[in-house]
Each structure stands twice: as structure tokens, then as C-alpha cells.
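Trainee: Using the hints, build the complex out of the two chains.
From first to last, the protein sequence lines are chains S and X.
Sequential numbering of the first sequence, starting at 1, is according to my numbering.
Sequential numbering of the second sequence, starting at 1, is according to my numbering.
Be a bit skeptical, because a hint or two may be false.
To be verified - Some chain S residues close to chain X (C-beta under 8 Å, calculated; not the full set):
(1) Gly104
(2) Ser328
(3) Gln362
(4) Gln370
These are calculated hints, taken from the structure and not from any lab test.
Think of the CB as a built atom: it goes at the ideal place given N, C-alpha and C, for glycine as much as any other residue.
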Amino acid sequence: MSEYVIEMNHIRKEFPGIVANDDITLQLKKGEIHALLGENGAGKSTLMSVLFGLYQPEAGEIRKDGQVVKIDNPNDATALGIGMVHQHFKLIDVFTVLDNIILGAETTGALGFLKKKEAREKVIALSEKYGLKVDVDAKVEDITVGMQQRVEILKMLYRDNDILIFDEPTAVLTPQEIDELMEIMRGFAKEGKSILFITHKLNEIMAVSDRVTVLRKGKYVGTVNTKDTNKQELSNMMVGRPVQLEIHKKPATPGETILKVEGLTVPSKIHKNNAVNNVSFEVHAGEILCIAGIDGNGQTELVYGLTGLEKASAGKITLLGQDISNASIRKRALAGMSHIPEDRHKHGLVLSYTLEQNMVLQKYKEPRFQNHGFIKFDEVRKYSEKLIKDFDVRSGQGPITVARSMSGGNQQKAIIARELDRDEPLLVAVQPTRGLDVGAIEHIHAQIVNERDQGHGVLLVSLELEEVMGLSDRILVIYEGEIVGEVDPKKTTPEELGLYMSGAKRQENIGKEVE
Amino acid sequence: MPRLEPGTGKTKWYRSDGAVAVYSALISILIGMAVGAIIVIVVGLLKSNISPAGIWEGIRLVFLGVFSTGRSGSELSFGFNGVNLGNMLFRATPLIMTGLSVAVAFKTGLFNIGAAGQFLMGTMGTLSVGLWLGWAGVPTFVAWICAFLAGVILGGLWGAIPGLFKAFLNINEVITCIMTNWIAANLVTWWFDAHEIFKNSAEGGKVGYIIPLKNVGVVTPKMFMDVLFKGSQANGGFWIAVVIAIAMWIMMTKTTFGYELRACGANRHAAKYAGINDKKNIILSMAIAGCLAAAGASLYYLSGNTEFYWSTYQKLPAEGFNGIPVALLAANHPIGVIFSGIFMSMLNISGIQLKYLTAYNEYISDIIIAVIVYLSAFSMLFKTVLSKKIRKGTGGNVNAEPSPIEVKAAEEAETEKVKVPGDFEEEVTKDFKELLEETPDIVKTESEEGGQK
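Next comes chain X alone, as it looks inside the complex (with noise of 0.2 Å):
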């Protein structure tokens, strides 16, 4: 908790812990974003089709895609645009929500992968309850809390059965993730083959979608969306996001609930010798994040906008995955999800705008997001760093002088490190020491405390 006793260390708001995972985060993104420009120039470079200035014109959409406003002339227009700036929004709400769902089981010490089989029942569920409710006639905001519940209560179940796992035998939640990732995407198959209703075969053409939720009328009021962004897809659902986001951060930091996960997290033992129900609160944790999971596909397919294509056995909602990006690049902190999922969907928008007005495909912004992927796990070397910077900087903000208690602490800590020779090497193990205390389940737990490993 960083709140500050007051007398005593006098960090400026601009160094502490929170400010420095900040910068970390904005350092993989520029990095990111400038892995993508080099691509850009060297993919126009290699493509005969592409001049000098269209190289200019894919690292400006890349940078700015999101204000972009077409062509006027044969030149690329910039400004503010509401349709790009509203759909990034309701592409982020997904990301936020599965986002969420990565970093609250991250800081309970789970590393919920199953994000995907979550968020692909939260689809089941929302979209059958949703249309049975709507033909069944029922006030269509009934009928919308009713669809919203059941995928979220169906996701909680589904995210529940890793953790029962983990919790009374033991199986690492990694593995039974992805099996009930996959698990989930057969049984929706066969749900909604199973269940002819469902299927969309009024409007022609249209073969393997699911009947869409505004044909019932079922649809998340656009809460001033569409006056901000006129034109766009956004709906009131993004702020349903942030407030579920703000919510995890109150009940995560601030309530006793929040204090037992993080313990049961932290420190599996020393929770249980506290009296706290270790296995309740995994199984707890699992079935948070699987709610989490599953809210943002019923956000997603409440929206009006949106289609599910039913026959999914083979492939799982990418939604899931970017989670863990999503939820790396906020360091696990609830409200920083919000910011690096509207970033992850900005990208996705950046990656569209030069599909339709370069010559370049939108996959470039898909490199530049797993660059960014990439990068997010190293920002916890950038913050290892930074603070290594800004402590030296500064001179020792503590105390001028070193009582023999610090030199006591500082020489803990010092041996504490893994002794390798070499600044950077040592850095980089003592980052992915902290990587580990962060996941401690992927691969060792306890036991590394004064630890020379």
C-alpha cells in the first residue's frame, strides 16, 4: 500500500511505485509503436507498390491511426474522429474486462488462462438467455440484466472448476486453463448446433452465425455514447467496464475480502496460518476472474453491433488472450487496465485505417502489439531500473544518514539478489525473481526469501 507515512519518506508523486510502472509500461509501448514504424519503412522499402510518401503517411497511421479522418485530396487527414474514437472504446471493453480478469487472479497468485473458455461462455450464456427472454416477451431490460447475469454467473462456474482444482488437488490452473479453453469452445459448438433457434437463417446469406440480440431488442443503452462519438459502435458498456474496473480496485485494495485474496496470493501458507480459508479463496479468486471474463462477452454481444459465429470448436475468442498483454502491460493494477485496453484497441483501430487507406495490411498492427506483448514482460526490468535511476537520483530520499538498521535491511536485500557478475545479468535475474513472486504458481512458490538460488 503505498500510502505514505507522513515525516517520513517524502517520495514525490513522480517517483513513486505507481509513477514508475507507468513509465515502464509507456517505455514497451514506444518501443513497440517504434518496432512497428522500422517495420513499416522496411516492409515500403521491400513492396514496389509503395512510395517514400506511403511510407510516411503507414508510420503516421500507426502512430495516429486513431485521429485519422481519411483522405482529403490525395493527402492523409488528421483530427478528431468519433467513429474511430467510439469503436476503439467498444473494442476496448472487452479487453478491459478479460484484462481484468488476468490481473485480479495475478495478484491472487492464480494465472488464469482460461480467460478465453470464460468469455466463450459468458457468450452461451448471455446470447441464449437473451434471445429466450426477448421472443418470450419479457421488458427488455429485464431481459438485459437476465442475459448480462447468466453469462457472467455461467463464465464464474467455468472459471470455479480451475480452481477447484488447484485448490483440493493440487493441479497447477495453467494446465486445466487451457483445457477447459478448449472444452468450453466444443461445448458452445454443440449447444447452438444442437439448438436450431438460435441459428441466424432469416437474414440471406448469412450461414453459421447466431441470431444477433438487437433482432429482440436486447441491447446495453448507449449511455451518451452516441452523442460523444456519433456514428460510432460505442455503447454503455465501456462505462460499465470502468466501473466494474474501479470496483475490483476498491474491493481488491481496500476491503478485507481484497486483503484475504492477495494474502491467499502472496502466500499461500502463511494465509492458511492466519486462519484464512486458503481453498475457498482460490476457488473464489478463479471464479472472480471467470465472471470478469465472461462480462466483457456479454458486454460484447449486448453491444447490438456484434454477431457470434457459433461453430468455434477450433478456435478460441482472441478477446481471452489479450487479456494477459492487457493485464501485463497495466502490472496488474485494475484501473491501469483500463488504459492499456483502450491502447490494445487503439492499436487494432490503427492496424484498420491502414488497411483501408495505405497499401500496407492490418497485420502490421498486430506485430506492434506483440512487440508490446513482448515488451510488457520485460517492464518489469524498465521498473527495476527506473527506481534503481530515480533512487540514486535523488541521493537517498530517506535519510542522510544510514542508521545501522538500514545498513542492516540494505545488506538483506543485497544478499538477497542472486549474485551473478555483471549489472545487467543481475538485474535481469533479480526481474524475473520478482516475475515469479508476482506467478508464483507457474513455478515455485516459497522458499526464496534471503534466498541465494
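The following block holds chain S by itself, in its conformation from the complex (with noise of 0.2 Å):
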């Protein structure tokens, strides 16, 4: 018996025109959690693919248990034992979690009728022993993401597989639910089962791994024992050069009001109560306000509400004196609002057009760039040319690429770039860094500080716990839609607003009425 369950060595995968694997060797043991390091784009997704029989290696093998084992589509590498929970889920959204669950592992009586009992029984029996909650009869479309993805867990272990590949499965996850997923995978590992943990967040490999090896640019950099080592080596591996992990910054010094939030109050799609309720705050001049909470509690109706996507049903909002509480989204654009969306492929980005088609997106119709309606391509290329340059976006084409084609960090970087470029005195930034490399957040960052230092006031919502200690000057937490405590994040701990963003403790007064 080898001492590795999988040995996948020397695989080199190749792309029209690129090498995403070159000569990769990853080796599992029995019963440990690996995890798989490196940036977008470093060829972690399709070392995986690879292995779950999507793609066919140009060269090297893979081993099970010692044994050369050939993977041409994921139905060998299921009778391999191999599991994989993809970053995208793999749902059927109209299906119930059990549906979902049993699809292509059906088991069926003699006349070809589903046998749901059995598999409902099993299911439950799964769900109970490795506390993976679930609701079998829910239709998945009604469920959380996090639900979803104990869903994929689900379907894993249905299917017995004993070697599990979890592709980035925290970058849809709030920091509770993160914590849950560590725990569950603990479990697995102590059952006997190998975990494969693809991902770019340091925390989570040091919290849970036990081994960690590294890719960078398609390339192998090396595996570690996590024990051996911390984060600032492994980020200098996957990035290749020194990364500041810490964010650097002078203190605030908070001006005046640019931003006043009264009473805000947005119903909520999805229940009868308010997504929003009573909502106050300020924005100041040269400050980042952080709203903290747990995703799903208000933040995302909070800034629809505050930038005009969708209707508040009560309060007042005004930016820079002007009362901007009925005005259009174009209004309060004017106004003097730039907003980094939540979702960068809904809202930010028209995907199929170019980049830049789309670094023009609100500014198309001012005079610099249209002449009686018709759009003066020369004056939008020269823009998008020097935002390219000044921000640092990188695609195959330049201003021509179509924005579908650049990577997620890439795009990111482009909306950043041109919601920065507005130069408005206030920016809205939703998870401005959300599923990004250590290398694109810390440039990220970098510019959400300046910003601030510029005089504007920034209006940050975070989930990341540690971008909110981090970058933030003053913090809101959020729960339930309303506003439950404000702290100093030079003061508190993250304990703390952990109770807060759980509903466990409570400010009394905060947030209702601005005095």
C-alpha cells in the first residue's frame, strides 16, 4: 500500500496557447486535509479538473492507492472514490435537496420507480452524523448558499466517496458558516477520508489544513507542512514576491458630513418584514464606516436602497445637503455617489461588451464622450487607455478585450478603476475584494485608503471580518436590518463583533436617530 491515496505526478495540461500545468505533482496522504494554494489563474481549477476526469493531462499520471489509474470523465472518478464540490454549485434549483442528492445515483425498484425512502433514510442518516444540516424536502432555489453547499457535501458522501476536492468553498460563505464547514471537514479527515481544499485564503489554510502545496503561474512552488510554516510565507510562494499582509494607514481625521442616512427603511423580497428597518448613520469626510454583519442581513437591500436599485419605502437620505431619498439612480450618481457593486457580474460589468464599452458605463453621455448623441470612440479609448495604465487592469487585448474573457480579479479592477476615476466624495464599496488573491486585495485596499485620505468618505460592507478590523475606521454592525452597535475597530475584538453580528448583544439607541 502507498502511502499517498492520490498521487497525481508531473501532469502538464496544456491550453491552446498556454501551459496551465507544467509538470505539477501533488501527492495526498490518507486522512489529512491538503490544501491547493495559489492565485487566480495558477492553474489550481484545472489541476482539479484533471483529476475529476474533466480534462485529459498532456502528460504525467495519476496514481490511486499506487495504482496508475486513467480519469476520462467524472463517472470514472466517482468509481474512484473521488468527490468534488465545485465553486459554482451544481444545482438543480427547482429539485428538492433530496432530488438533488440522489440525481445519477439513483437508486430504483425492479420496475424502474425511484426507491426515495431508502434514499431519504440515508440521507438523513449522512446529514445527522456529520451535522450537516439540512432540509431534504426544501426546493434548493429556497434555500441558503450555505445550505447549497452542505447540499454538494451531501451528494459526496451519498455517493461514499472517501477522497473529497473542495473547490474554493468559503467564498460564498459567511464567517459562521466558514467555521461550521472547518469543523465538518475536521470530521471527515477523522473518519479516514482525504480532503483536497482548493483555495487563496491564508486563514483557512492555517486553520484547517494540514499540508499545503503551492502553484503559481501554472507552476509548481512547493508543499509545506502548515505547521512549518505561516502566513506571510506562504503568500510570498503563491504571489512571488513580498506581500503586505497588514493594511497601513494614518489615522482618520473624519471632516464633514457627506452622507445622512435617516430612518431608511427597504422592504424585503424575499419575507414580509422590512429587509431594512429604521436604518441611521452618518458618512464623514476622510472616514471608511464599515457596515459589518452576516451576509443576508440587510446589507445588500441597505445599499440598493442607498444607491437607488431599489425603492426605500421610509426615510431620508441626503448627500452633500442635497435629498436624494426619490431620486433616479443617475440622480444620485451625480450627486456625487460612486458605487462598487455587491455582484460584479450582475451590476458591475456588462460582460459582453468591451472594456471599454464598459469603463464609460455611466459617463458615456458627457459632452467628452458623445457629440449630438453619437459617442466619439477616440476620446473613450483614450480614457480607457489611461485607466488600464493608472490601475493597473490587465487583459489579453486591452481596451478591446470583451470583459467576459478577463479574469475575476480583472474585472474587479476595472470597476474599481472607474468608480474610483468618478472621483465622487462618496464611495459605496460592497465586498470590494470578495473572491480576489491576496496580491489583487492588497492593491485593492491600497486605493480604498487613498481614497479616503483624498477627503472622500467612504461607505464600506464587508463580510470579511478581517478587511473590516483591517480597513475600516468606524464600524456599524448590522443584524436583521438593523443597525445593533457601533464600535471602534481599534477597541473591540473580533469576539465582539462576532456577539454583535449574531444578534448576542445589542447597543440600545444606536442607529435609530442620529442625534
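Mentor: Next comes the structure, spelled out in C-alpha cells:
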């Protein structure tokens, strides 16, 4: 018996024009949690796709328990006990949780009828054994992202897989859900299951993994024992240069009020209650005010109400002394608000447009870019080239790159470039670094601090506790649509924040009326 | 926008996206014609009254029907046939307009299957106003303009209805378009049924037709078409359609208005985020689509050689639906629509030639059109395969050495692909994804990005 349950030796995978995996070796021990670390585009997903049978490598071999195996398709992988939770879940929205779990592995009776009862019992037994709380009869479209992920995990367990691949599983989870997932993963490892954990989040690696393999630009950098390394070393290996993990900023010097929100109430689209209930706060010039909270506590709706994407049912919003409570989205933007949206694909970009067309998404009507309704293409080109240069947005063909073909990090950089260059007094930034790698996060954080230092007000909405603590000058905690606490990041602890975020602690008369 | 940056990406014109779109359309056409030829052969072999020579004649007419000059002796003769070519352009006019209607809506993310209804409303508006003003003795030039505008405006209003439903109630425009088509068919029948004055009872033997506009002299000027194509039905309406197509192309690609419309079509949420009034733009897109389809009807009935059979409540005009293949074949490019519209009407002419000159009937050409329609849905597939081939053939025409950025981008692009083993299936899946992106609202709008569905 080999020491390793899975070995991928000297894997090479090419795509037209590029080598996505160049001589990569990955060895997974039984019962270990093995992290695969790398920036976006380092080749992690490709390597896992090779293991899962989605791609065939040009060179290299895969061994299972020491034996060379050939994995031609995902069915082969499943037969070898390899299961994968994809970053983007592969669930059918209108099916129930149970139907999704058994899909493709249905047990049927003599006449081909589904034996749902047995399946149901097995799923419930599994979910109890591993503490994977799911509602088996709920439709997938009605359950939270965290629960959808548990469904994906149950899918693997239902198929008796013992090699589990998690592709960026925490990107969509709240801090609490991440903790739960870590706990579940540790449980699996104890059971003797082997886990491959793809991520670029260093905290999670340090918290849960036994060993780490680092990839960079398609190449193998090395494998280290987690206990022998630290975050700084790992990030240097990943990025290839020393990375600034701490956010360095001068103390804030808050100036006059830029944004004043009084009693903002936004109805929910999901339930009858208000998603945002009677929220009041102020953002001052030269400060980063952060709205912290667990996902789904009204942050999204708060921003929608603020920016005009959704109608608020009550409340007054004053931007630079101008009442914009009922103004259109464009009027609000022109009044001095720029907005880095939460969902860069839904709101941030028109993906089928080119980069330059996206760069002028709000500005195309300015006289600078149009003449009697005709677009001045040369000006658009010049402007986008400047932004691309200033903000280091990388893409295959520069301004004429179709936004869809850009990497997530560069898409985000493009949005940030566009919004920051508008140079508005108020920046609303919603999860500006979600799904990005260390290098890009470092860059974006610096930009946001720079924005503050220029005397602009920043309203930051973030789910990342680390970002909240490191970046903000003042923190408001939102819980069930209400502001439940205001804390100073220099004086608080993550634990205290967690208490506010979970609703366990609450300050009186906060966020109701600003005196 | 295929404007290339100087210095990088030196794509030759024949490798550009546009060229590839043309190639893929041509492939569809060739396969369609080839299938037509095969059908001619099979039918010829099955029918006793068609000789091998007759089969050969049939095949030649399928491909060259528009250049047929009838028979000299017992042989088919070919050459310049002004009547055929002129009639081809005449019949292409309404097809170009409905094709434009569908293409413009497509570009803005809407599927206008309501061109037939809009066409009928245009017919009603143009005929009624044209006849009224003609009888009232209004100068024919003024009457022409009013009749044309009446049709266009009525069609635009009719097209706006599905737009309103879409914008305010989020009801899929396909459903409302189908319903408004039949409402239009019945409305038009009722209108003419209720107004005896429009019915053509003066000319003996004619039952159920509306008085043609030429009887009151409201007719589109020939604009040299009678010189170019002597004896044909061609008239200035074709030039008007071409001008409108060019105007549409300019509007869609060069103006802020087109930028807004396309942004709404490509990503309604992002457009809204950017402060674009998405509801307004959806209604406007459908209204413009309605105007275009109705303009096709107006030009058709203002031509002076057409008559309208008013009892249309059981039948929708074919021009409305043929606009869809015309648009598809042109990859929704307004200029391309001119050519695909002409091509469709050429097949039509070929069919008529087949009917008159051989023992075949004209339905062969309908089959060819059907095959091409079917294949035009595949033209996206051809496009993907072709652009891949072209890329491979040049060995990476952008940079010899892939930079890490490209590695990133390429990997992103790769992961975006639906991962199905087997090249062909992968292509197909991706192809359909692209199709869906072209027509987002039929199935799904967003959240496909980076998504492995």
C-alpha cells in the first residue's frame, strides 16, 4: 500500500497558446486535509479538473493507492471514490434537496421506480452523522448558499466518496458558515477521508489544513507542512514576491458629513418584514465607515436603497446637503456617489461589452464622450487606456477585450478603476475584494485607503471580518436589518464583533436617530 | 466593437469576427442549397414525369433561378433577367424590414416574434390612411408620407405593448408577442369588415381584397428601379429599406442611444446600475422593432402592385416570421440583414421559376428556406469552430509568448466552458450558451459567468 491515496505526478495540461499546468505533482495522504494554494489563474482548478476527469493531461500520471489509473470522465472519478464540490454549485434549483442528492445515483426498484424512502433515510442519517443540517424537502432555490453547499457535500457522501475535493468552498460563505465547514472538514479527516481544499485564503489554510501545495502561474512551487510555515511565507510563495498582509493607514481625520441616512427602511423581497428597518447613520469625509454583519442581514438591501437600485419605503437620504431620497439612480450618481457593486457580474459589468465600453458605463453621456448622441470612440479609447494604465487592469487585448474573458480580479479592478476615477465625494464599496487573491486585495485596499485620504467618505460593506477590522475607521454592525452596535475597530475584538453580528449583543439607541 | 488597437492584435480582415460570421452564414446557405439539390434529385427520381435532364434543370434552377431567362428551344437559358432580379428586390423589401425588426430586438436582448402582428397593423394603418387621403384629394406626395407614417406609428405602438408588459410586469415578450399577433389579425379583419368603403368591389371577380393604393395614386416612386430592372415590380421601397438598415446600424453601434439599448439587452441589471432607465429602453426597443416591421408592410402595400386580402383572422403574414431567419442568417447585423433578405427572396424567385419552367412545384424553395433556417441556428456553431480553426492556423496572432495575464485569461475562459468530455459536445454546449447570451430572456439572463452549469 502506498503512503498516498492519490498521487498526481508531473501533470501537464495545455490549452491553446498556454500551459495551465506545467509539471505539477500533488500527493494526498490518507486522512489529511491538503490545501492547494494559488492566485486566480495559477492552475488550481485545471489540476482538479484533471483529477476529476474533466480534462485529460498531456503528460503525467495519476495514481490511486499506488496504482496508475486513467480517469476519462467524472464517472470514472466517482467510481474511484473521488467527489468534488465545485465553486459554482451544480444543483437544479427547482428540485428538492433530496432529488438533487440522489440525481445520477438513484436507486430504483424492479420497475424503475425511484426508491426515495431508502435514499431519504440514508441522506438523513448522513446529515446527522456529520452535522450537515439540511432540509431534505426544501427546493434548492429556497435555501441559503451555505445550505446549498451542504447539499453538495452530502452528494459526495451519498456516493460513498472518500476523496473529497473542495473548490474554493468558502468564497460564498459567511464567517460562521466557514467555521462550521472547517469543523465538518476536520470531522471527515478524522473519519479517514482525504480532503483536497482549494483556496487562496491563508487564514483557512492555517486553521484547517495539514499540508499545503502552492502553485504559481501554472507551475509547482512547493509543498510544506502547515505547522512549519506561516501566512507571510505562504503568501510570498503564492505571489512570488513579499506581500503586505497588514493594511497600513494613517489615523482617520473625519471631516464634514457627506452622507446622512435617517430612518431608512427597505422592504424585503423574500419575506414580509423589512430587510432594512429604520436605519440611520452618517458618513463623514475622510473616514471609512464599515457596515459589518453576517450575509443576509440587510446589507444588500441597504445598499440598494441607498443607491436607488430598489425603492426605500421610508427614510431620508441626504448627500452633500441634497435630498436624494426619491432621486433616480443616475441623479444619485451625479449628486456625488460612486458605487462598487456587490455582484460584479450582475451589476458591475456588461460582460459582453468590451473593457472600454464598460469603462464609460455611467459616463457615456458626458459631452466628453459624445457629440449629439454620437459616441466619440477616440475619446472612449483614450480614457479607457488611461484607466487601464493607472489601475493596472490586465487583459488580453487591452481596451477591446471583452469583459467576459477577463479574470475575476481584473474585472474587479476595472470596476474599481471606473468608480474611483469618477472621483465622487462618496464611495459605496460592497465586498470590494470578494473572491480575489492576496495580491489584488492588497492593491484594492490601498486604493480605498487612498480614496479616504483624499477626503472622500467611504461606506464599506464587507463580510470579511479581517477586512472589516483592518480597513475601517468606524464599524456599524447590522443584524436583521437593524444597526445593533457601533464600535471602534482599534478597541474591539473579533469576538465582540461576532456577538453583535449574531444578535447576542446590542447597544441601545444606536442607529435609530442620529443626534 | 471590432476596432483594433494599432500595434496589437493585427487581425486581418478575413480573420475578423465579422468575416467569420459571413463564412458561417455562407456555410448554412451552401448546405441548405445542397439539401435542396438532393431533394430535387430524389423527387425527380420518384416522379415518372421528370427525366434525368429534368432533374439537372431543376438543380440549375435551384441555384441560378434568379438568372433564368426561360427556355430557348428545349433548353433552359440563363442570363441577366431584369424582371427576376427586380422582383427579387421587391420581395426582399418587406423581408429586410421584418428582419431588421427581429435583429434590432435581438441586439437589445428581446425576441420579437410579434413582427407578423406589427406587419398587419402597419398594413391597416397605411392602407386606411392612404386611401382616405387619396380620396380626399391630398397631394399624393403628402398622402404617401402620411400613409407610410401611419403604418409605422401604428406598428410601433403595437410593438410597444409587449414591451410594456415586459418592462412593468416582467412578462416574457415571446408570449405577449404571440398573443398580440392574433389580436392584430382579428383587429385588422374587424376593421376592414366594418368599413365597406375600403373593400374592392369595383373590380369584377375580386372578393375579399382591399382597394389597392395605386387606384388613388399613392404609390412609392420607382427611383430608377424601372430603368435598372425593366418590367419588374421593383420600386424605391427597396432603397428606403436599405437606408433604414444603414440608419439602424449607425443607431445601434455609433450612438449613445444604441449603447444604452444594447447595454439593457446584454445586462439589464448593469444598465440599471449605471443609471440607464431599463424599463424605458425595453419599451423603446420593442416600439422600434414594431416600427420596422410595420414599415415593411407600408413599403409593400405602397409599392403599387400588391393587394391586401383583408380576412386575415386565421392567417398571419409570412413576412413576419420570415424576419426571424433573415435576422439569424445575418447574425443580427443590420447591414447583413439587407443581404440575407435579398437571399431569401432570391430563393422565392427560384421556386417560382421551378414551378413555371419544370415539372417541379415551388415548394422546393420553401424546403430550402426551412433547411437554411434550421442551419442558421447552427451558424453560431460554425462560427465557434471557424474562429477556433482560424486562431489555431495563425498560431496565436496576438503574442508569441503567453504572458501570465493571458494564462489567467485563458484559464478563466476555459473554466467558463461547460466541461463535457468530447470536443463536439463541448462545442455544442458552448454554442448554445452563446445563443442564449444573444437571446438572454428566452431562457436565462445572468449568472452564467464563470459558471459551469
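Trainee: Regarding the hint that Gln370 (chain S) lies at the interface with chain X, is the smallest CB-CB distance below 8 Å?
Mentor: Because about 5 Å separates Gln370 (chain S) from the closest Cβ in chain X, which is inside the 8 Å limit, the hint holds.
Trainee: Closer than 8 Å between Cβ atoms is the bar; does Ser328 (chain S) clear it against chain X? Give me holds or violated.
Mentor: 7 Å, holds
Trainee: For the hint on Gly104 (chain S), just tell me whether its beta-carbon gets within less than 8 Å of chain X.
Mentor: 14 Å, violated
Trainee: Is the shortest C-beta separation between Gln362 (chain S) and chain X less than 8 Å?
Mentor: 5 Å, holds
In terms of the numbered hints stated before, the structure departs from hint 1 and from no other.
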